[in-house]
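Trainee: All chains should be built: construct the whole structure from the sequences, respecting the hints.
According to this note's numbering, the sequence shown holds residues 2 to 587 in order.
Simulated from the structure, these hints should not be mistaken for laboratory data. Here the structure is a predicted model, which is why all the values come from computation and not from measurement. It is possible that part of the hints are untrue.
[Stated by the list, open to error] Simulated restraints, written as ranges between beta carbons of each label pair:
no., residue 1, residue 2, range
1, E117, G256, 38 to 44 angstroms
2, A206, G566, 47 to 53 angstroms
3, G238, E340, 28 to 34 angstroms
4, E117, E375, 47 to 53 angstroms
5, G503, A420, 26 to 32 angstroms
6, A118, T405, 24 to 30 angstroms
7, P372, N270, 46 to 52 angstroms
8, E360, D394, 19 to 25 angstroms
9, D394, L436, 33 to 39 angstroms
[Unchecked claim] Listed next, the in silico SDA-like pairs over lysine to any residue satisfying Cα-Cα at most 25 angstroms (straight line):
no., residue 1, residue 2
10, K103, S169
11, K168, T100
12, K168, L182
The beta carbon of each residue, even a glycine, is placed where N, CA and C say it ideally should be.
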Amino acid sequence: MTRFGRTSKIAAALLGGALVLSACGGGSDDESDDTNDESNGGSGGTVTYAMAQPWQSYNNTTAGANTVANGQVMEQVLSGFWTFGDSDGQPIPNEDFGTFEKVSDDPLTVNYTINEAAVWSDGTPIDCDDILLWWTAQSGAFDGLFSAVGTQGVEDTAQPECEPGGKSFTLLYDQPFADWLTASPGHGNTAIQPAHVVSGQGGFASEEEFVAALQGDDPSALEAAAEFYNNGWVIEGALPDAALIPSSGPYVISGYEANQSVTLTANENWWGEPPANDSLVFRTIADEEQVQALQNGEVDIIEPQPTVDIAQQIASASTIESEVGEEYTYEHLDFNFNEGPFADSLALRQAFALCVPYEDLVVNLIQPVVPDAEVKRVRNVAPWDPGYQEAVDASQATIDEFGTTDLAASRALLEAEDAVGTTVRLGTLENQRRLDAGALIEASCEEAGFDVEFEPATDFFDTTGALAENRFDVAMFAWAGSPDRSGWNSTYRTVTECSAEGKGNNNGCYSSPEMDELLDSVLRTSEQSEAIELTAQIEALLWQDMVTIPLYQHPGITAWNGAVGNVIPNPSQNGITWNADQWARS
Numbered sequence: 002m003t004r005f006g007r008t009s010k011i012a013a014a015l016l017g018g019a020l021v022l023s024a025c026g027g028g029s030d031d032e033s034d035d036t037n038d039e040s041n042g043g044s045g046g047t048v049t050y051a052m053a054q055p056w057q058s059y060n061n062t063t064a065g066a067n068t069v070a071n072g073q074v075m076e077q078v079l080s081g082f083w084t085f086g087d088s089d090g091q092p093i094p095n096e097d098f099g100t101f102e103k104v105s106d107d108p109l110t111v112n113y114t115i116n117e118a119a120v121w122s123d124g125t126p127i128d129c130d131d132i133l134l135w136w137t138a139q140s141g142a143f144d145g146l147f148s149a150v151g152t153q154g155v156e157d158t159a160q161p162e163c164e165p166g167g168k169s170f171t172l173l174y175d176q177p178f179a180d181w182l183t184a185s186p187g188h189g190n191t192a193i194q195p196a197h198v199v200s201g202q203g204g205f206a207s208e209e210e211f212v213a214a215l216q217g218d219d220p221s222a223l224e225a226a227a228e229f230y231n232n233g234w235v236i237e238g239a240l241p242d243a244a245l246i247p248s249s250g251p252y253v254i255s256g257y258e259a260n261q262s263v264t265l266t267a268n269e270n271w272w273g274e275p276p277a278n279d280s281l282v283f284r285t286i287a288d289e290e291q292v293q294a295l296q297n298g299e300v301d302i303i304e305p306q307p308t309v310d311i312a313q314q315i316a317s318a319s320t321i322e323s324e325v326g327e328e329y330t331y332e333h334l335d336f337n338f339n340e341g342p343f344a345d346s347l348a349l350r351q352a353f354a355l356c357v358p359y360e361d362l363v364v365n366l367i368q369p370v371v372p373d374a375e376v377k378r379v380r381n382v383a384p385w386d387p388g389y390q391e392a393v394d395a396s397q398a399t400i401d402e403f404g405t406t407d408l409a410a411s412r413a414l415l416e417a418e419d420a421v422g423t424t425v426r427l428g429t430l431e432n433q434r435r436l437d438a439g440a441l442i443e444a445s446c447e448e449a450g451f452d453v454e455f456e457p458a459t460d461f462f463d464t465t466g467a468l469a470e471n472r473f474d475v476a477m478f479a480w481a482g483s484p485d486r487s488g489w490n491s492t493y494r495t496v497t498e499c500s501a502e503g504k505g506n507n508n509g510c511y512s513s514p515e516m517d518e519l520l521d522s523v524l525r526t527s528e529q530s531e532a533i534e535l536t537a538q539i540e541a542l543l544w545q546d547m548v549t550i551p552l553y554q555h556p557g558i559t560a561w562n563g564a565v566g567n568v569i570p571n572p573s574q575n576g577i578t579w580n581a582d583q584w585a586r587s
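Mentor: Here it is, written out as structure tokens:
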């Protein structure tokens, strides 16, 4: 990752950038505009972080709860064998939790050992019972009974043979899997959940009975447990009983105010290095209000998506430390392949692609902050990663024909399909930046001949929101990613069913046997040259089928109180909180 000092790209934007639009609130791929008046209390041993979306679930391994905000909070509560660490966002081992070793390539075999001292915060040992629950959910062993973002290689492994209460197990793959490290139990949407909690809530008389059911072949015995796993940890107005939300990390969840804040305090049963601060507070504050909150001392760290006003406020504040850098997050449009005008019409998807005002979006929304920003032409490779140009080259012919704004060509396609006036529901999260983007798209595509119903919503990312329940024809949002190829596997793979719990990350429910085969192949190769070629083929097919439309890479900006040390921006999924246990107030 290229990192930029405080006065480099921000200053260039302020001194030389053309300020076309008024300030537009930013945001990651999931955020809201809720605010609160809670006092900070961020003195002494407390560090306070502002994020735009409220925390909504203890279990962000499910498809409906796979959001950045949930991941940011749970990063320091649920631990495992690995995490996205350091300033480059690469996966790194977490030796506090345990150790692992690849002992064979053929067949791919990885041995794992959980730290003997590892316990849940309630004192229950972390052991193979938890791993068997993790494997059952992540492998899809019971045909989607347990919700998961995507199986990501775990479906290629045999159920671990480990004794109840044991600390060691093996993952044996039946075919190669390049990203085996991040398929391991441990981070974000691969986190380990407490089997003893799910067992009790699933109606089992003992954990031994629960483990036997996990090892059996009767999904009906697990229906109540799966219902709790999928929905029982969704936060609805108040925290669940403390016994239901134990921690395996440095902090426990100790306080919550609906849509306002979450408080984490040091886990007394944490066996690793003690946190550098006594508590973390995550406050829900709209992006456009975060700089003021930082200046007022209400929060210590912010990561708003940069806009002209936000960049100017940060650059002019002498007491604020800041950094601008690149992120594995990109904005895009998704088509609904399950229902609506685009489901069965490539021509209409092409017509809509032709009316998207690509350059206007980048010039008006991104270049005032990052002057050399460009339209993003591919989805799954960041511009600084190997294989980006190869992916662009493979798709160039389609991009030239349908990936540039051409209202006359868009209109011609609509007329040929007798579809002028087609109503299109454009859904997104309601925040200022996306309101501005939606207005640009609406105006351009209506000029071409569509009837665009722009429908921003504050609950767009909720488990019952428009994205989860397919109430859109085109959805505009962002993916926060990583360098891993397996991270985007479920985004394009044929789904088990087009529902909130069944579609994983494939929100538009796109299906293609050719794509499924390419995804299988790219996940199996460990040769970078072959992976680059396969990724280029995937990108070309995505353009050919007009599955999604990439718009632009998100720039990232972090600002913090200079009295707080060890604040290290990270471009991957959960961002700044990767080392929140090391934040230290001087």
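Trainee: Please go over all the hints and tell whether each is borne out by the structure.
Mentor: Hint-by-hint comparison with the structure:
1. E117 with G256: 38 to 44 angstroms: violated (31 angstroms)
2. A206 with G566: 47 to 53 angstroms: holds (50 angstroms)
3. G238 with E340: 28 to 34 angstroms: Given about 32 angstroms between the Cβ atoms, the range holds.
4. E117 with E375: 47 to 53 angstroms: For E375 against E117, whose Cβ atoms are near 51 angstroms apart, the range 47 to 53 angstroms holds.
5. G503 with A420: 26 to 32 angstroms: holds (30 angstroms)
6. A118 with T405: 24 to 30 angstroms: Since A118 and T405 have Cβ atoms about 58 angstroms apart, the given range 24 to 30 angstroms is violated.
7. P372 with N270: 46 to 52 angstroms: holds (50 angstroms)
8. E360 with D394: 19 to 25 angstroms: holds (21 angstroms)
9. D394 with L436: 33 to 39 angstroms: holds (35 angstroms)
10. K103 with S169: holds (14 angstroms)
11. K168 with T100: holds (11 angstroms)
12. K168 with L182: Given pair K168, L182 holds - Cα atoms ~19 angstroms apart, limit 25 angstroms.
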